[in-house]
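A.B. asks: First to last, the protein sequences are chains A and B.
Numbering follows our numbering, in which position 85 of the first sequence is assigned residue number 85; successive positions increment by one, without gaps.
Numbering follows our numbering, in which position 98 of the second sequence is assigned residue number 98; successive positions increment by one, without gaps.
Because the hints were derived from the structure by calculation, they are not lab data.
Given the structure is predicted, the values throughout are model-derived calculations rather than measurements.
Watch out, some of these pointers could steer you wrong.
[Unchecked claim] From chain B, some residues computed to sit far from chain A (all C-beta separations above 12 Å):
id, residue
1, A44
2, S107
3, A111
4, T195
5, A200
6, F244
7, A259
[What the hints assert, rightly or not] Label-pair distances were calculated between CB atoms; the ranges are:
id, chain 1, residue 1, chain 2, residue 2, range
8, B, R142, A, G16, 20 to 26 Å
9, B, D228, A, L38, 32 to 38 Å
10, B, G323, A, L38, 32 to 38 Å
11, B, R245, A, V143, 51 to 57 Å
12, A, R199, B, P138, 35 to 41 Å
13, A, Q253, B, G283, 18 to 24 Å
14, B, D228, A, Q249, 56 to 62 Å
15, B, L182, A, R18, 28 to 34 Å
16, B, V229, A, Q249, 54 to 60 Å
17, B, A70, A, Y153, 42 to 48 Å
18, A, F39, B, P250, 43 to 49 Å
19, B, R242, A, T60, 48 to 54 Å
20, B, P104, A, V89, 39 to 45 Å
21, B, G122, A, Q196, 51 to 57 Å
C-beta: ideal position from N, C-alpha, C; glycine also.
These are the residues of each chain, in order.
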Amino acid sequence: MADVVLSGSTWRTHRGTRQGLRRAGFIAVNVGFVVSALFPFYWILTTSIKTTNELNAGTTGLFPAHQTFVAYRQIFTEFDFLRSLANSVIVAVATTVVTVVLATMASYALARLDIPGKGVVLGFVLLAGFFPILSVVGPLFLVYRHIGFLNSYPGLVLAYLIYTLPLSVWLLTNFFRQIPKELDEAAMVDGASRLQALRRVIVPVAVPSIITAGIISFILAWNDFTFALSFENDPRYFTAPLAIVDLGQSQYQVFYNQIDAAVVVITLPVALLVLLAQRRIMSGLTAGAVK
Amino acid sequence: MRTGPNAAADEQSAGGASVAGVGRVAQAEPSVGGRGPLSHRRSASDRRVGLLLLAPAVLALAAVTLFPLAYNLWNSFHVDQLANPSAGNGFSGLQNYRALFNEPGFSADLAHTLFFTAVSVGIEMCLGLAIAVVISKPFKGRGLVRAAILVPWAVPTVVSAMLWKTMVDPQSGFVNYLLGVLHLPGAGIAWSAQTWTSWAVVIVADAWKTTPLVAVILLAGLQTIPGDVYEAAQVDGAGAWRRFRSVTLPLLKPALLVALIFRTLAAFLVFDVVYILTGGGPGSSTETLGYLDWKAFLVNTDFGYGGAVSVSLVVMALVIAFGYTRLVRPSTN
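If we strip away everything but chain A, and leave its shape as in the complex, we get (with noise of 0.2 Å):
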């Protein structure tokens, strides 16, 4: 894998140099790529470990005169971004448990089960993957302002499975379509019951899958911004996303140093999450959209 394995042999043939120069424009395209996605991390990396001095004097290079780590320590000490952070992480690993398990048992009826109007239920899951976020935060509002869901945790996660569900649903009935249906028969000839078959049999072959639901699910209920506004007006019950955009405010200025080291911190999981399971991810993301 020494060289670049375009169409082997053939590009060989050809003319050196000219070789040479297309392989020098092939690796800047991807330098290109790479610094375009990344450099603005690294951008509020160097931002977020600036004085507040050098802030308002002005960018004068690409390195931060001197580091300093104020910043994250004033966003957990002065604004309990701690809190925020929690609140993320029980709601976001509340929804993605709560998706995993009604898309497994959903998913299972969609891909084996004999059900009437099973097309229109698997139409009606993927229309909702496309439904108006904004046109539902009116009326849930006004729901939940009786039922006692605003500042609160399950109004968060059952808005969440908006994000969640359609996904998920989908990817897991694609897969259980490709488990061989005779591996649940011969379960049940055994004497297992169709819900026996599924736990003991189905979910033990589908974990990947269902890991992959999972890490999708965490990250778009990670990432929300919508819901949260609309729903949490105590401090106290803020998601992460949601107190960065009142943190490093003050009248006169702006702390870019703050707001960059609560970005920081709350783009880690996912950056974390995205090296771990690149695979994982593109293939959860393109499963029957491409067929």
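Keeping the supplied structure of chain A fixed, place chain B upon it in accordance with the hints.
C.D. replies: Coordinates of chain B only, in the frame set by chain A:
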């Protein structure tokens, strides 16, 4: 556990499986023999179990989509203003819908939304296609490039918005600094002060975050194109550009369409990136329909008007989705 005729059937299938490699097929046999009342009972119980398994997910989704839609429909024909209880909750006919056309907000925001959708989706599709084509071939370090490109998609919108807000801050940002270093005009621009520069920032932030999704979808599409198609085209003397135009693009059409639908709908309903970056400003010059809807609900607490905006959003989203599927159907046949 095993009772009656089933036990015999099990024995038989187990024997079949151990003798022949086609055990899987053999296993299906015994149950065929027992068709009739037994399989009928099985399918009836399957149906019951199936409905039970399906119900929680469907009910939850209905609670956050169909129910709000119905509620919005109802509200859109009624007066429902939280901040103005004296107005009552009476039937108001088409008043809320008439307000959509008569008040300046809706039509201006519709124009903003269409502009944003066209420009951002156009940029994202072109860039996404370029990225997908480049990283579709195996090369050293491809995993790294792919992961790097995927990160912007995975971060919260708050992150992409704040990150570009930092980048274009006239004082502590990078963009103005770079323009200054390169002696280009615009080093002194306050990006949030003008409409066009505000749009530019919103569009860059949106494209930066969502282009990866387009690239990933198109990449999957590219990988379904068999390599020998290209080899055949090459043998026929087709150059790289020609191969791209007459082989890649036509075969990539389904994936392009999926990406286009995903992105168009999401861009049309844009809210959070606008809220964080411009707050709809300066003035209301970058306000989109999603923003208008949110403002109606949560700033003005006018659920009648907000309901009417919501219903129109749902209708327009459906029109876009069906429009695209219509667009592709004749040519796939």
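A.B. asks: Indicate, hint by hint, whether the structure satisfies it.
C.D. replies: Now for the hints, and whether the structure bears them out:
no. : hint                        : verdict
1   : A44                         : violated, 10 Å
2   : S107                        : holds, 18 Å
3   : A111                        : holds, 18 Å
4   : T195                        : holds, 21 Å
5   : A200                        : holds, 15 Å
6   : F244                        : holds, 15 Å
7   : A259                        : violated, 8 Å
8   : B:R142 / A:G16: 20 to 26 Å  : holds, 24 Å
9   : B:D228 / A:L38: 32 to 38 Å  : holds, 36 Å
10  : B:G323 / A:L38: 32 to 38 Å  : holds, 36 Å
11  : B:R245 / A:V143: 51 to 57 Å : holds, 53 Å
12  : A:R199 / B:P138: 35 to 41 Å : holds, 40 Å
13  : A:Q253 / B:G283: 18 to 24 Å : holds, 23 Å
14  : B:D228 / A:Q249: 56 to 62 Å : holds, 59 Å
15  : B:L182 / A:R18: 28 to 34 Å  : holds, 31 Å
16  : B:V229 / A:Q249: 54 to 60 Å : holds, 56 Å
17  : B:A70 / A:Y153: 42 to 48 Å  : violated, 26 Å
18  : A:F39 / B:P250: 43 to 49 Å  : violated, 35 Å
19  : B:R242 / A:T60: 48 to 54 Å  : holds, 49 Å
20  : B:P104 / A:V89: 39 to 45 Å  : holds, 43 Å
21  : B:G122 / A:Q196: 51 to 57 Å : holds, 52 Å
In the structure shown, a violation is registered for the earlier hints numbered 1, 7, 17, 18, in ascending order.
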